[in-house]
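Peer 1: Generate coordinates for the entire structure from the input sequences, incorporating the hints supplied.
Going down the list, the sequences are from chains B and L. Residue 95 in my numbering sits at position 92 of the first sequence; the count goes up by one each step and never skips. Residue 123 in my numbering sits at position 95 of the second sequence; the count goes up by one each step and never skips.
Among the hints, erroneous ones may be present.
Said to hold, decoys possible - Listed below are several chain B residues computed to face chain L (Cβ distance under 8 angstroms; list not exhaustive):
id	residue
1	S165
2	Q214
3	R219
4	L237
5	S414
Think of the hints as simulated: they come from the structure by calculation, not from any bench. Where a beta carbon is used, it is the ideal one built from N, C-alpha and C, also for glycine.
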Amino acid sequence: MELAMAKSSNLTRTDLDSSFESQLSVSSRTSYRSLRLAEKERRKNQTGDPFVLALKYFSEVKAGTPRAGNDILKRNLVLVERVGLSRGMPPEAISVMLDFAMSLRMGGVTSVRVLKFLIPATVVPQEAVVRAVSWLCVGKIAISTQVLFLRWVLTVFDMIDSKDHIRAIYGFIFSFVTEENLSPYICHLLYLLTRRESVQPFRVRKLLDLQTKMGRQPFLLHLLSLYKVFYPKLVTLALPSRMRSGFKIHNSTWKVALCAVQKRNNGQVSSDISLSLGLKDETNSRKRKFHHLELPSLSSSIQSNSSSSRSRKVLSLEQLHSFPHLLDNLHCIELPSQMASLLGSSLALCYLDYVQDDSVFLRLNFWLGHALHEEFLYCSRDGSSGSSSEALHFLNRLLSTQHFLQEGFSSTEGFLYKFLNVWDGSLLRPQILGLLSDIPVVPSSCISQLLFEPLMQLFFTSTLFFKCSVIDCLNNMLLKWLTWHSVYALEDGLDISLNRHTPMNMTLSGFMDSVMELVRFVGRLATMGLQLEGCHSLLLSFILDFYETVCDMFLKYGLPLVVMPPAGVFYPALFSTDPVSVDRLSYIMYRYKKNLTSAKCQQQETKAFHISRQTCQEFNHYLLFMVNCLWNSKMFLPGMAIEVDQELLVLSKVPEPWTSFDLNHHPAFLGYALDFHHKCWPERKDIDFNSIKAAKPWNWYLEFLFSQGFQGLQQFAQSSINRRSVAGISGQRGSQPTSR
Amino acid sequence: MMLYLTTFPYQESSCIMGRRDVQIHFLTLLVLYFSVMEERNSTEETPRNNALAQRRSKSYRQSMRSCVEATHLAYTSGLLTALRIPRSRKAPKSCDITKQVDPDQVALLVKKEWQLSYVTPLYQFRHTQLKSYSKQLSAFMVSEKQQGLAIEVGQELGFKVNFSVVLGLAETDKDAETVFIQILSKQVFSAKDDAPKVVWSGWLTCVNGDLDYLRSLPLEFVSLPLFCTRGPESLTVLVKSWFENIFDCCFGPLDINSTNLQWLASLWTGCHPTINIQYLKLVWTLPTLPPMDVTYTVHPQDAWELWDSMRQVDTTEDSISIDEVTGFIKGLQSHFFRHFRIDLSAGSLMQISTALGSSHHSGKIKIASPNYIPTILQLLTECALLKMPI
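Peer 2: Laid out in structure tokens, this is it:
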């Protein structure tokens, strides 16, 4: 039996076969076709299959054949039923059985029974549904059976192979809407089938008539609200919140069996059984007197629905359901009436990124600017206390939108310039700083007034943590500017006409001025900040983050600009008590060297730009000092960057002060030196760091440090320290700085 | 606590006081008067590139614009915004507005108190489509009133909405023509042939709007920044949400700050020689506990003389500077202080009224005389434009 069942999903009836074959080839579901080709192969030997014979019986049985005591009918019915409920029925079988049921050839009772086990295994051929609807028009079928049929169609709607033929008989289906018992189901079906072209004034009027007759039935309203989506000019309505949940679900009869069949054929057809509707659930929208932070819902506009666009096929954004769907319809998408509604849907944002129309962004910016101004600047008589969570939510959404689009809105920018002047530095700090880091390049002429002055005031009067966040924010800002530059400078080079309509060109030098201003500003902030906070290592770490970005501007982002950190950052980092800062500083110096050398090369080749002599001098100073300090133990000597009066040094009573910051004495590496000393001379009780300085242990010590993860130090050493000797000549220090 | 004080006489003292103030301000005026009046009616026709219309900043080239906008369109509070706030205006000239504008329509605007709001530019608003807007709005009102009942657009319904254009109020060719909206409704118990009653009215206008701003808007946008309403708040909310829906714009409350109230007081007082203003009434609220309201009514002649003494230093006849205005108000305040030892400058000016009209801090205005409509509307248009987010 089991075996027979397994084979039974194949069919023989060649006439049915060929007709469906042609239909299916029309439909795009190639996966089914290949499946069916394989079936066809197997089928040839299986003409004796009882399931096939049963179907043959149902397709050929004459009307009026007695039902009572009909053993053949009984046997075949049981057979088909068992197959239907366990494995599901193949498309051809659905077609045959549906036709049998709807034609009432063996009476209504059998029909109901058949409808109840019509579980599709793969797809439902749409022709079967069309034929069944035509039987519905004959009008002999009992109302309850009609309802059962419609519920069945709604349940398997997603499994119908294609719907264009069904849509072709939209008018016929619509005519059933006046049947009182059918209309809920008919409305639901129409809802699923409706296209813009099916919305007609006479249909609207019919539905409105029905509404006056039957009252505010949810199913009518849902259908009408869909009509409103297509033609807001014809009909208007406001759905009360309790009615927004969608249509009822009518799949109770088949749900269990359908689930079981789908599980069994797992994954062959992914059909959403619940068929719930995409009507937005807005029941949780809070009541607020001033609702400027509330996103409007997507709805099509009356404006663009003029008669000219009626002929053109357009799709409103609220009908989109997936990204591929968006891609397929990219050319015919209609913008919503309120641009701000785009912010609420990620699909719409994808489209926004594609749109080129300036007015779209202007509309969005008006709304956004208005919301931000009303909420944070005008504070309209609402009392902002209760709404802080809403504001937080709003700003987070705005942030994620800007990150998604990878750019800031100009209204946000304008708002921030105003808001920075009144901000206390703590209200919604992460969000505000996040938005701030998104602002596009500000011309150097106004950057100080718009950005630096208010920020500086906030910076100097607030906590360490705020200082760190500001530096981090400015680092992110610089990163974004540099990324824009590296992307669009290239793009401009390729196709200048892209930007021809721009009224003003920011030149490369203009951009460089802005970046220069920003870097210098951060240099000032960092210098003062480190002083104020006693060179706090957390702050120092954020500052070094920033300079890690700065030192690589030429190589990573192609910006011919090298700016050195100010002394107020360099020396605190070099003398810092934690090894990580020294290591990062070494890495930064290493990257500066790489950038400068390749810039020099390019300068000689193309003469395209000029790295100022001063920058090179600054770099050399730092480099010399660093090598002398860490490697050569030559601090505080005449001619160095930092000169200290010798008498003063004597007064300090520090023995050999020039060695106090070389790698074996540096406070940051003290622990490592100690550790190394123990490992090298385990028997020694008195610790003498100077003994590390000897040639052999010195090299070992360096290796030891590099092995502890100080990669920056290693890279710095490899690039800048020229080992004159390969160990052996005792007494000679194995290193000299390269001179540039 | 309500302190109601009326001072009518003291012509002498107010004059003396006025002169002394003039002397004080003489110095400041000399310094500050370099702020030349803006060329409002410049005939330059070349449309500015749509600086406003710029989308996001895709490249550093584009982002430049956003900043240039900033200087033009007051991105920042503080200095940049201050540049946009006019420091001087034309003196109001009495003109017979009924020569340009249909007197019936003027009658609709005057002698009523309007609640003010500002509106961001309307997207795709067309003055030619007013009929269809009427239908749309009335259907919208009914469907919102009867939640969950679909309404066919264009049917005869409980509400009738009239959109009409008030031609002639616009001063420059960049100003969009004023639009007047009326909502009429049949009373429940009215007889069959009773005419429907006006239950709500409102108008959108722009008089002498900032030319730079209006030029920078793309063609699809119509800027009618000032929205005046009168009628039940519930209807106002519905109308606003319909506009927001259809024209993708945003509404916000427009209050008249004390500087602008002072402007109005001065402007109206300056009209006294032509039309008797009958009285000048100013209401201050002082931040005491509980707050104290001071109503200060000045005899029109006294007020005018004080104002005129302020004006003496001015050489150009038809322009008024902000310093004259503050001088005028300070004169009134110090006079009050001399008599009652209450320093009004510590409080805030809430309301002013004359026979020509009245205005309240919370954004209410009433224009009684049609002759000075354009002056008042220009001032209010400025206030509304200053509220624009971009």
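Peer 1: Confirm or reject each hint.
Peer 2: Checked hints:
1. S165: violated, 31 angstroms
2. Q214: holds, 6 angstroms
3. R219: Result: holds, 5 angstroms to nearest chain L Cβ.
4. L237: holds, 6 angstroms
5. S414: Given a least distance of 5 angstroms, the restraint on S414 of chain B holds.
Violation of the numbered hints given earlier is confined to hint 1; every other hint is satisfied by the structure.
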